[in-house]
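**Q** Add 4 to a position in the sequence shown, counting from 1, and you land on the number used in the numbering used here.
Honestly, the hints are just simulated from the structure, not real lab data.
Among the clues, some could well be false.
The calculated label-pair distances, taken between Cβ atoms and stated as ranges, are [unchecked claim]:
#1 Gln29 x Tyr352: 32 to 40 Å
#2 Lys230 x Gly112: 36 to 44 Å
#3 Glu226 x Asp270: 25 to 33 Å
#4 Pro25 x Ala357: 26 to 34 Å
#5 Gly71 x Gly99: 22 to 30 Å
#6 Gly71 x Asp305: 13 to 21 Å
#7 His408 x Leu154: 55 to 63 Å
#8 Pro317 x Gly112: 46 to 54 Å
#9 Gly141 x Arg262: 32 to 40 Å
The beta carbon of each residue, even a glycine, is placed where N, CA and C say it ideally should be.
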Amino acid sequence: MAAGVPRIFVSHLSGIAVFDPNGDQVGRVRDLVAMLRVGRKPPRLLGLVVELTTRRRIFLPMTRVTGIESGQVITTGVLNVRRFEQRPTERLVLGELLDRRVRLVETGEEVTVLDISVQQLPARREWEIDRVFVRKGRSGAFRRSRGETLTVEWSAVTGFSLEEHGQGAESLLATFEQLKPADLANVLHHLSAKRRVEVASALDDDRLADVLEELPEDDQVEILGKLKEERAADVLEAMDPDDAADLLSELPEEDKERLLTLMEPDEAADVRRLMAYEEKTAGGLMTTEPIVLRPDATVADALARVRNPDLSPALAAQVYVCRPPDETPTGKYLGTVHFQRLLRDPPYTLVSALLDDSLQTLGPEAPLPVVAGFFATYDMVAAPVVDESGSLLGAVTVDDVLDHMLPEDWRETEFHLNEGANTHAS
5 MAAGVPRIFV SHLSGIAVFD PNGDQVGRVR DLVAMLRVGR KPPRLLGLVV
55 ELTTRRRIFL PMTRVTGIES GQVITTGVLN VRRFEQRPTE RLVLGELLDR
105 RVRLVETGEE VTVLDISVQQ LPARREWEID RVFVRKGRSG AFRRSRGETL
155 TVEWSAVTGF SLEEHGQGAE SLLATFEQLK PADLANVLHH LSAKRRVEVA
205 SALDDDRLAD VLEELPEDDQ VEILGKLKEE RAADVLEAMD PDDAADLLSE
255 LPEEDKERLL TLMEPDEAAD VRRLMAYEEK TAGGLMTTEP IVLRPDATVA
305 DALARVRNPD LSPALAAQVY VCRPPDETPT GKYLGTVHFQ RLLRDPPYTL
355 VSALLDDSLQ TLGPEAPLPV VAGFFATYDM VAAPVVDESG SLLGAVTVDD
405 VLDHMLPEDW RETEFHLNEG ANTHAS
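Generate coordinates for the entire structure from the input sequences, incorporating the hints supplied.
**A** Listed below in structure tokens is the structure:
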């Protein structure tokens, strides 16, 4: 285990309180959800099963957990309150893995699982199971206290993981899990329609959202249409709002409205706002979730936001300083601070003192050629979109500009070019 990365045994998490960033309790942990992998690779911890005060049990992804400490879980405050439903590739750690009989790889001896530890991977927002606390000897009501106990690496036991040579979607998923989203999209594109939907359905929401953003529109529509409607709404929420808007625009009006109604109101509002603009305009291209800071924020505050691993490099390249409110559409847009400038100034410096207010902004109705010319003229990777009243509506990134400038079938062409390439993640 890397220095400074804590190990947490799951028995200590059962029943602990879950709080939002304001310190208000939202529920308690009832289980942990893991995805097993081929062979003896440590399973990924996908999230927590949280019981709300209403007794409803929901799924809390680990990407929305900001801390586990002092007997409590702290979240980002963004909760999806739909009822938790376990998927075929998922295992409940407390409910299915504890008290299980497995074997030690070295000796073949049968042991009972008493506890399991999890840890956060260094410099990432991902968690995995790493060790198993087991008891030797037979289990049972009168034998539980007997036998030597020991803690071993996950790879030191067998009896948990998927079969190496299975042909189901679970094994395919485990084989491909290290692929980057674009490479996994390439794989899915070349599977049969039936197998493509099986594998896509087995992916967690965030992973499927990333992959959908890399697929041709026909594949996106096909996969979304095969998901249960509530699951489809969850995946749309996990996508970047501009990509979700593009995908929804390909659906029949009644399907589009039904999915928007199932989405969380705030998420749906962002998507509806984007869908109000023509597709090949700055408003249609922009994301509504750039980094927005108030004038009294410091360089340290800005860098903390930029470090968010969920941000694309283009969105992390600069921050936008605005009067309240902080959510788009914001108060008056004041200017931009570029990432390189943040690195050159002391942490306590106010971002309002570093503004590049000479940079032109884009109006939401600016057509694609104008947007592309803006990027070429100013050597930008992201640009602010501001309305007539001076409010920041969002930001256009260079990758979205390229997506819409390339031929409509460019993804198909790219996939064919890559058929013989090595698609393993580097």
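**Q** Now tell me if each hint is right for this structure.
**A** Results of checking the hints against the structure:
With their beta carbons about 34 Å apart, Gln29 and Tyr352 fall inside the hinted range of 32 to 40 Å. The hinted range of 36 to 44 Å is satisfied by Lys230 and Gly112, whose Cβ atoms lie roughly 43 Å apart. Judged by the Cβ atoms, the range 25 to 33 Å given for Glu226 and Asp270 holds: they are separated by roughly 28 Å. Separation of Pro25 from Ala357 is about 28 Å and conforms to the stated range, judged on CB atoms against 26 to 34 Å.
With their beta carbons about 24 Å apart, Gly71 and Gly99 fall inside the hinted range of 22 to 30 Å. Between Gly71 and Asp305 the beta carbon distance is about 18 Å. The supplied range of 13 to 21 Å therefore holds. At about 58 Å, the beta-carbon gap between His408 and Leu154 stays in the expected band of 55 to 63 Å. In this structure the hint that Pro317 and Gly112 lie 46 to 54 Å apart at CB holds, the actual value being about 49 Å.
Between Gly141 and Arg262 the beta carbons are some 56 Å apart, a value that contradicts the proposed interval 32 to 40 Å.
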